[in-house]
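Sequences are here, hints too, so could you generate the full structure?
Residue numbers (my numbering), protein chains in the order written: chain Z, 2 to 270; chain P, 1133 to 1443.
Simulated from the structure, these hints should not be mistaken for laboratory data.
Treat each hint with caution, since some may be false.
[Unchecked claim] Okay, the calculated bits of chain P under chain Z, using three or more residues with CB under 8 angstroms as the criterion:
id	segment
1	1164-1173
2	1192-1206
3	1220-1229
4	1256-1263
5	1390-1403
6	1409-1420
If you're wondering where the values come from, they're calculated on a predicted model, not measured in any experiment.
C-beta atoms are modelled at their ideal positions from N, C-alpha and C, and glycine is treated no differently.
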Amino acid sequence: MITLTVVAALLATLPLVFILALLLKQGASSLNWAFFTNMPKPVGETGGGMANAMMGTVMLIGVASVIGLPVGIGAGLYLAEHRGARFASVVRFLSDVLNGLPSIVIGIFAWQFLVRPVKQFSALAGGIALGVMMIPLVTRATEEMIRLVPDALREAALALGYPRWRTSLTIVLRTALPGIVTAALVAVARIAGETAPLLFTAFGNQFWSTSFMHPISALPLQIFSYAISPYDEWHALAWAGALVLLALVLVISLVARFVTRSKFGAGHD
Amino acid sequence: MPSTSLHGASLGDRIYRFTTTAFAASVPLLLVLLGVEVMIAAWPALKAFHFSFLTSSRWDAVEGVFGAAPAIYGTIISSVLALVIATPLAVGVAIFLSEFAPPWLRQPVAFLVDLLAAIPSVVYGLWGIFVLVPLLREQVMPFITDRLHLGNTPLFSGPAYGPSMLAAGLILAIMVLPYISSVTREVLMAVPRSQREAALALGATRWEMIRGAVLPYASSGILGGVILGLGRALGETMAVTMVIGNRHEISSSLFAPGYTMASLIANEFSEATNDMHLSALMAVGAVLLALTLAVNMLARWLVWRVARQGR
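Written out as structure tokens, the structure is:
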């Protein structure tokens, strides 16, 4: 029976190894400078890149963070400070529910709410959809991190005459900061690869755009449209894009782990 | 020195309290808004087709008649298939990690399994199109029909195109595995020491202890993890869209192409020309929303119940 569990562990990690190996092989062979600096080119022309998609991904992550981080951290603070309250457990439960909703449903919501009334796909709508996805992730993680802060620290600050809000923001939140940074990075890593909500909001764009009010491309969107195309050179670009996207996600995740490791260690001088 | 009044909260405190409460309240508000907006988008189609929207297999954009039965069927079949494949593996990994693995191996293996959850859906889809589907078409499907002679059974009949319900189920299995396994691992860790020690004291071997004392104790939490995985599988979009073949047809064969609700919406959204077609797609989204809400609430409730026991 022990052997069976070992086999299960091997089988479970096997797809990962295969996918990573193939991505490295296929992606690296079609990855070059032009990929990062050039725009998509029509079929038949070589040297196309995904510069606009990378810019789009950065902008979408930016908008999502502006929405997801403050709301998530604020809600997390509330949950941690009102542990037993009824409303807090309702919020906690509902944020888990929100977290479990399919991303495509969030996309439909954003489309109906933000795109349809103005009849315009936009980077802003895409970023907001991703931001909504970030909120429950950041909320729950912030709550957990703040709970790790010893009560004695909070009590000491209050005993010194600090008002509650300053205690919370400058003592508690600051102590929990490395953990919250980790949570933020994990949330960013998760939404960076999201495609489904963007189909309804950011929509994709073949051209360079830095406008928040217009459709914009993103790495996952570009990978998707190249992957389902019938052209070999576009397939190669899709692999290169996937490698870049995965590298981005993994680097963010690894940085997140590194930040947690120093949690409550040095750093709050 | 900042001043604090003993009677009532200071202005700063009141502002702080109001702000955090407002942020917390935004979560329920968002969910309500989301539900309302999706229903508004879905309403024209739901009103026009009533229950036949759920039961009819006719999806005709030209005639303007829509029934989502094949997509609902495909969603359920592909998710169940994924769970059937992923659950034994995920539970096996969790048991290995929490009970048998030497300490130096725990972290890296857990990290690798968790990494499966970090890979974006669209990357799985890319892998599915260029590796999994050709593998199924050229190796696995011929093997099942020709070597195992299962070609006449309803499950494996029909031509081997490649893009199929089977491909969707397999790719979903890989994608939900880390979720099931991490919940299971947590639940197994929450089983009290006394349970294990009691079993060992009665002379149980390690495996007997796991089977007799640990797994029964953790079972409803594991079930919660499985249902959580189900919630993920039901709504998974990109990878499934890329490998399922996208066809409006209910077929008993796992070799046949199909549709899931999510892949139907993703695939037809940009082609939808008239309002009824759009609304029908949104109605599919509403059904998906209702289904995943129910599944998620059930899962959370199960996991919470175990967590409460463990305390």
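For the segment 1220-1229 of chain P, do three or more residues have a beta carbon lying closer than 8 angstroms to a beta carbon of chain Z?
Since 9 is at least three, the answer is holds.
According to a criterion of three or more residues whose C-beta lies within less than 8 angstroms of a C-beta of chain Z, is the segment 1409-1420 of chain P covered?
Satisfied; 3 residues make the cut.
Would you say the segment 1390-1403 of chain P counts as covered by chain Z, given the rule of at least 3 residues with C-beta under 8 angstroms?
Holds: 5 residues of the segment 1390-1403 of chain P have a Cβ under 8 angstroms from chain Z.
Within the segment 1192-1206 of chain P, is the number of residues with a Cβ closer than 8 angstroms to a Cβ of chain Z three or more?
With 0 residues close enough to chain Z, the hint is violated.
Coverage of the segment 1256-1263 of chain P by chain Z (three or more Cβ within 8 angstroms):
Contact hint for the segment 1256-1263 of chain P vs chain Z: holds, 7 residues under 8 angstroms.
Coverage of the segment 1164-1173 of chain P by chain Z, judged on three or more residues with CB within 8 angstroms
holds (count 6)
In summary, the one numbered hint that this structure violates is 2.
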